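Asker: If you read the protein sequences in the order shown, they are chains A and B. Letter by letter, the first sequence follows residues 73 to 240 in the numbering used here. Letter by letter, the second sequence follows residues 73 to 240 in the numbering used here.
In case anyone wonders, no lab produced these hints; they're calculated from the structure. As the structure is a computational prediction, the values presented were derived from the model and not from experiment. Just so you know, not all the hints are guaranteed correct.
Copies of the same chain are indistinguishable here, so a pair counts whether it falls within one copy or spans any two.
[Unchecked claim] Below, in silico cross-link-like pairs of lysine-lysine (BS3-like), each with a Cα-Cα straight-line distance of 25 Å or less:
no.	residue 1	residue 2
1	LYS131	LYS171
2	LYS184	LYS164
3	LYS204	LYS180
4	LYS179	LYS144
5	LYS164	LYS196
6	LYS184	LYS159
7	LYS180	LYS144
8	LYS152	LYS179
9	LYS180	LYS152
There are 2 protein chains.
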Amino acid sequence: MPNTPALNTHSIGQYLSGYADGEGSFCISFSPRPKLRTLLEVRPSFSVSQNGDRQEVLKLFQQYLDCGTIRKNPSDRTFKYEVRSIKDLIGKVIPHFLKYPLLSSKKKDFEKFAALCRMIYEGKHLKQDTLKEIVTISYQMNGLGARRYKKQTLLNILSEDIVYASSN
Amino acid sequence: MPNTPALNTHSIGQYLSGYADGEGSFCISFSPRPKLRTLLEVRPSFSVSQNGDRQEVLKLFQQYLDCGTIRKNPSDRTFKYEVRSIKDLIGKVIPHFLKYPLLSSKKKDFEKFAALCRMIYEGKHLKQDTLKEIVTISYQMNGLGARRYKKQTLLNILSEDIVYASSN
Numbered sequence: 073m074p075n076t077p078a079l080n081t082h083s084i085g086q087y088l089s090g091y092a093d094g095e096g097s098f099c100i101s102f103s104p105r106p107k108l109r110t111l112l113e114v115r116p117s118f119s120v121s122q123n124g125d126r127q128e129v130l131k132l133f134q135q136y137l138d139c140g141t142i143r144k145n146p147s148d149r150t151f152k153y154e155v156r157s158i159k160d161l162i163g164k165v166i167p168h169f170l171k172y173p174l175l176s177s178k179k180k181d182f183e184k185f186a187a188l189c190r191m192i193y194e195g196k197h198l199k200q201d202t203l204k205e206i207v208t209i210s211y212q213m214n215g216l217g218a219r220r221y222k223k224q225t226l227l228n229i230l231s232e233d234i235v236y237a238s239s240n
Numbered sequence: 073m074p075n076t077p078a079l080n081t082h083s084i085g086q087y088l089s090g091y092a093d094g095e096g097s098f099c100i101s102f103s104p105r106p107k108l109r110t111l112l113e114v115r116p117s118f119s120v121s122q123n124g125d126r127q128e129v130l131k132l133f134q135q136y137l138d139c140g141t142i143r144k145n146p147s148d149r150t151f152k153y154e155v156r157s158i159k160d161l162i163g164k165v166i167p168h169f170l171k172y173p174l175l176s177s178k179k180k181d182f183e184k185f186a187a188l189c190r191m192i193y194e195g196k197h198l199k200q201d202t203l204k205e206i207v208t209i210s211y212q213m214n215g216l217g218a219r220r221y222k223k224q225t226l227l228n229i230l231s232e233d234i235v236y237a238s239s240n
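Using the sequences provided together with the hints, build the complete structure.
Answerer: Listed below in structure tokens is the structure:
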């Protein structure tokens, strides 16, 4: 890190929010899991990807937010900083972006993400009706790139659960 | 912009440096110009590109740095904030990144860029030997993507100039 008087904790906080506004991603992803009672696994994550030759900022995120992992993407030369723990998302990542807000329209995605993480933290992804709500709100988020499953596919899986539950 | 006590001029400065560390580009590009005395046009620029639906940060750069233009890329949905004026690069952009330094290895590119802009500001791109030096240092910068011309192609053009000059 360069030795500059401007670089205190507050400055790094602003800097990382700026970096994350460009390169960060707030994502709620879903995977069908027939063995789970709810049939869907819900995985919230905050991540920042970067070419391997510029890992410094990822290490700064890890150090500053005091959580998350950095791992290499085996398919290309990029590295990814990622926080998946709901406890860390609720206790460290979300408070950071509330203190140092995003300034672009990505802020709207963050706000949905924060609300969804709170629902997950409260266990609302374990109940069918609130899980449906989580799926619906998640699919209103922009900038998530290609989704592996269509929203209706996931909602159909949850509806199958109703049939299954009522037939037993 | 969100109304937050943390968001003063200093905070925005840090934020924009963080954003630029991820999404910004410092570039010196060259074009053969047979009609120019030096045979090569030299164009320094600082730019940040962004999807059209997230232009806010580009406007913030323009407002904060008090220079540059925003224009639409006709070939896709992106917008680009760009500063080409050497006066603005020397007087506004470079001082900003000296005050709020980049924290990744992109900082090394910025330092080369700043040195080259100073050379251009002093008119050293108008003399053949120092123009060769500008080409050589520019091609030591990373992260510039695909270069339109190979370094040797440009240096050969400058060598042609010697022949031309000596035959007149």
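Asker: Confirm or reject each hint.
Answerer: Cross-check of the supplied hints:
1. Taking the shortest Cα distances, LYS131 and LYS171 sit within 25 Å of each other both inside one copy (20 Å) and across copies (22 Å).
2. Taking the shortest Cα distances, LYS184 and LYS164 sit within 25 Å of each other inside one copy (17 Å), while across copies they are farther apart (37 Å).
3. In this assembly of identical chains, LYS204 and LYS180 lie within 25 Å of each other by CA distance solely inside one copy; the values are 20 Å within and 49 Å between copies.
4. For a Cα distance limit of 25 Å, the shortest separation of LYS179 from LYS144 across copies, 23 Å, qualifies, whereas the shortest one inside one copy, 27 Å, does not.
5. In this homomeric assembly, LYS164 and LYS196 come within 25 Å of each other (Cα to Cα) only inside a single copy, at 20 Å, whereas the closest approach across copies is 50 Å.
6. With identical chains, the CA atoms of LYS184 and LYS159 are at most 25 Å apart within one copy only, with a shortest distance of 17 Å there and 43 Å across copies.
7. For a Cα distance limit of 25 Å, the shortest separation of LYS180 from LYS144 across copies, 23 Å, qualifies, whereas the shortest one inside one copy, 29 Å, does not.
8. For the identical chains of this complex, LYS152 and LYS179 are neighbours both inside a copy (21 Å) and across copies (20 Å), given an alpha-carbon limit of 25 Å.
9. Taking the shortest alpha-carbon separations for LYS180 and LYS152, both the intra-copy value of 23 Å and the inter-copy value of 22 Å come in at or below 25 Å.
Of the numbered hints given earlier, the model fails none.
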